[in-house]
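Protein sequences, first through last, are from chains A and B. Under this note's numbering, the first residue of the first sequence carries the number 295, and numbering increases by one thereafter. Under this note's numbering, the first residue of the second sequence carries the number 295, and numbering increases by one thereafter.
To be clear, the hints were calculated from the coordinates, so they are not data collected in a lab. Keep in mind that a hint or two might mislead.
One copy or two, either will do: identical chains are not told apart, so a pair holds if it fits within one copy or between any two.
[As the list claims (entries may be wrong)] Computed list of lysine-lysine pairs in DSBU-like fashion (alpha-carbon distance at most 35 Å, straight line):
#, residue 1, residue 2
1, 636, 352
2, 310, 672
3, 677, 650
4, 422, 352
5, 310, 471
6, 327, 471
7, 310, 422
8, 310, 383
9, 422, 471
10, 471, 383
11, 636, 327
12, 471, 352
There are 2 protein chains.
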Amino acid sequence: MTDFDYWSPTYIAFGKDKESRTGELVRRFGGRKALMIYGGGSAVRSGLIGRVEASLSKAGVGFIKLGGVKPNPRSSLVEEGVRLALSEKVDFMLAVGGGSVIDTAKAIAIGAANGGEWRRFYVGKEVKVRPAIPAALPVGVVLTIAAAGSEGSTNSIINLEPENLKRGAGGDILRPKFAVLNPELTMSLPPFQTACGLADMFAHLCERYFTPTADVTLSDNLCEAVMRTVVDESAKIMANPTDYQARANVMWAGTLAHNDICGAGRVQDWASHGIEHELSALYDCAHGAGLAVVMPAWMTYVHDANDARFARFARNVFGVGQGEPDAAAALAGIRAFRRWLKSLGLPLTFAELGAKEEDIPTLLRTLNLSGNTLGGFKPLAEKDVEAIYRLCLNSDGPY
Amino acid sequence: MTDFDYWSPTYIAFGKDKESRTGELVRRFGGRKALMIYGGGSAVRSGLIGRVEASLSKAGVGFIKLGGVKPNPRSSLVEEGVRLALSEKVDFMLAVGGGSVIDTAKAIAIGAANGGEWRRFYVGKEVKVRPAIPAALPVGVVLTIAAAGSEGSTNSIINLEPENLKRGAGGDILRPKFAVLNPELTMSLPPFQTACGLADMFAHLCERYFTPTADVTLSDNLCEAVMRTVVDESAKIMANPTDYQARANVMWAGTLAHNDICGAGRVQDWASHGIEHELSALYDCAHGAGLAVVMPAWMTYVHDANDARFARFARNVFGVGQGEPDAAAALAGIRAFRRWLKSLGLPLTFAELGAKEEDIPTLLRTLNLSGNTLGGFKPLAEKDVEAIYRLCLNSDGPY
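Taking the hints into account, I'd like the entire structure generated from these sequences.
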C-alpha cells in the first residue's frame, strides 16, 4: 500500500423523490443563487427540472438555467455558462443530469471563481502535473444516469473546441458538495445508455484494480466487491429496466467506483481512459461504448505484465479460470469480460463503434504523448497505444 | 436497499510519519488553538506527543494538553476537559490516541460549544431518538490503534460516573475533520490490544452485515470485502507484529468498518454492542474482548431468524459451509468466527473475561431496555438478552 490522502466529502441523499431536497441541500452548502445546468429535453419532459425548480423556490434559493449540454460536453457551452454565472453573480452550480452535465457545471464553477479563466486548467496526457485550481464555486448534483461517477469525483472532462481535444481538470476542490441519487430517475434510460454507464463504472474500477502496487488486500477486495455488484445487478436491469433495487445498487456502485474509495493507497492505471477519450472526441461516440472497445484490447496487450493479477480478476469477479494456471485464467477473464460487455449490447470493435483504421495516426496525434508514457500498470509508449488501437480492429478478442 | 443519507467528510492522511502534518491539518480546518487529548504514558514515551507538538508549533497552532484518558473513558475527565476548553478558549479538539481518547475529545467538543452542556446528549438503549447536538468544536485525530473507528464515525461513548453507565452521543457533527493514520504507530501495541481492536472492527462490520434489509448486494459485498481483509491480515500481524503492510490494511479497514460506507442503505443491528457495553462498564474490560464473548453468543441465539444470511457469512468470509444446507453452514460460520477469535487470544466466555453469572441481573438493569427491544436483525426483549448473557457462560460455542 502506498501513502495516500483521501477526502470524499460529498453529502449523499439517496432514495425515491430525494430531488425534493435539492433546495435544502443547496442552502446547507451556502448557495443563495444557483445556475442550474442540464442537458436535453428528457429532464424537462419528465418533470424533473420542474420538481427541482419547485424545491429551490421552496427553500428560497434563486436560480437561473442553462440547458443544452451534449455528451462529450463542449467548451462553447462552458464559455456561455461562465459569462452567465459572472453576469448573474450566482454563488452555486447545480448540475441536473449525468457526467457531461456535471463536468460542464464543474468547468463553469472554475471559470466563475477565477474571473472567467478555466481553460488553462484542462490539460492532456502530455502534462504530468495538473495545474492547481485556486478556487471554484460549490457544485451540487441531481444525478440522472449511473455512469461517470462525476457526482463524487475530483474530475471534469471537456471537449475543447475548435481543436476537438478532450482534456481534463482535477482537484479536491471539484468534489461536489452534495449528490441527490434517486434510482427511479435512471429507470427510463434506453438500454444502450444504461449499458454505456455500466461499462464506464466498471472501467473506473479496472483503472484502479490493475495496479503495480503490492499488498493492497483491502482495496483489491473493495474493487472486486463493487465489480461483482455491477456485473450481477446489470443482468437484472437488462432483464427488467424498472427493477428499483438493481438500479439502486448500480447507482450507488457508480459513485463508489469513482470517489476513490476503491483506489486509495494504490498506483492507478488510466491508460484505457486516455486511449478512449481520443475516440469519443473524434467520433462523438459514447464514452462507455468506447471503453467497451478499448478495455479488452488494453487487457489483451498488457495482461502478461502481471498474469497473477488478471487471473485473480478472472476468478474473483467473473468466477472463471478456477484451477487453471494464471496465464490461462487471465485470458479466460478477459474473454468473460468481453462476453459481459457483449451481453449488454455494447460494441467490441472499431467497426461496431464506427471508428476507422485510417484514423489511428490522428488519434495518436491528438493523444499527444510527446514522448511520455501512459498508464500505471504497464507504462505504454505511443507504439504500444498504436498496437492497442490495432487490437480494437480485431473481433476475435484475446488470442 | 433503504433510503439513506451518507456523509463522511473526514480528511484522511495515511502513511509513515504523517503525524508531522498534524499542524497543517488543524489549520486547514480552522483551528488556531487546540486542546490535545491523549491517554497514558506510551504516547509520550514513544515520542509521538513530542512530534505532534512540534508539528503544531511549526504551523503556528497554539495548544494546551490534557492526558490521562483511560479505556472506557470516564465522564470526570470530560468535565475537566470542558472546563479547560472553555477557560482557555480553544477552538479545536485534537485527539492523539485510540477510541477512548477520540470519544473523550468529542464529548469535550460538545461541552465546549454548548456552554458546558454535554451529558444530556449521551443516552442509552431506552432512548429511541438521540437528542440533536446543536454545536461542537471541530475534532482532529492522530490515531494510535486500529479498532474503534471513532476517527471517522458519528459517535462517542462515555462511561458516566458515578453511576458507571456507558452511554453514547451521535450525529454527523461529531465526524472528525481529519484523521492521521500512520500504521507504524500501531506496530508496538501488545498482541492483546491488537486483537481487541480486530474484534472491535469486525464487530462493527457484523452489526451492519446482519440486517433484515433485502437487496443490498453492494453493501453486502463491501462488508464481506472488509471482513475478509481483517481476517486475512490478522494472521499476518499475529505472526509478525511489525508487518507494515498488514498493519496498513487493517488500519484503513478499521476506519471503513465504522464510517458507514459498509452500512449505507441497510437497517443495522447493534444489539451486540449494546449487550457488551454493560460488560465493559461493569468490569472495565476491553470493549473488543467483551465483543469476542458476546458476538458468537448473539449469533448462536439469532441465526435462525435468517440462516441464509449466516450461511453466506460462513461461505464468503470464512470459506466454510460450502455445499452444506444453510442451517448447517450458519453454525459452521459461527464456529469459524469463534475459532478466529480464539486464534487471536481473545476470551470467549464470561469466565475468561472475568464476568460473573450472578451479575446478569445487574447487567440487565443498567442496560435498562424499559420494555423496548434491542437490535435490528432480530429485535431482542430483555429475556432474550438474558438468554444471550447465559450463552456466554458456556464454553462450547454453537450447539
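Here's how the hints hold up against the structure:
1. 636 - 352: Answer is neither; intra-copy 46 Å and inter-copy 57 Å both fail.
2. 310 - 672: between (43 Å within a copy, 27 Å between copies)
3. 677 - 650: within (18 Å within a copy, 73 Å between copies)
4. 422 - 352: Intra 46 Å, inter 31 Å, cutoff 35 Å: inter-copy only.
5. 310 - 471: For residue 310 and residue 471, the Cα distance is within 35 Å both inside one copy (20 Å) and across copies (30 Å).
6. 327 - 471: The answer is both: 15 Å in one copy and 27 Å across copies each meet 35 Å.
7. 310 - 422: between (42 Å within a copy, 25 Å between copies)
8. 310 - 383: within (32 Å within a copy, 44 Å between copies)
9. 422 - 471: both (27 Å within a copy, 30 Å between copies)
10. 471 - 383: both (19 Å within a copy, 30 Å between copies)
11. 636 - 327: neither (45 Å within a copy, 59 Å between copies)
12. 471 - 352: both (20 Å within a copy, 31 Å between copies)
The structure does not agree with the numbered hints 1, 11 stated previously, though it agrees with the rest.
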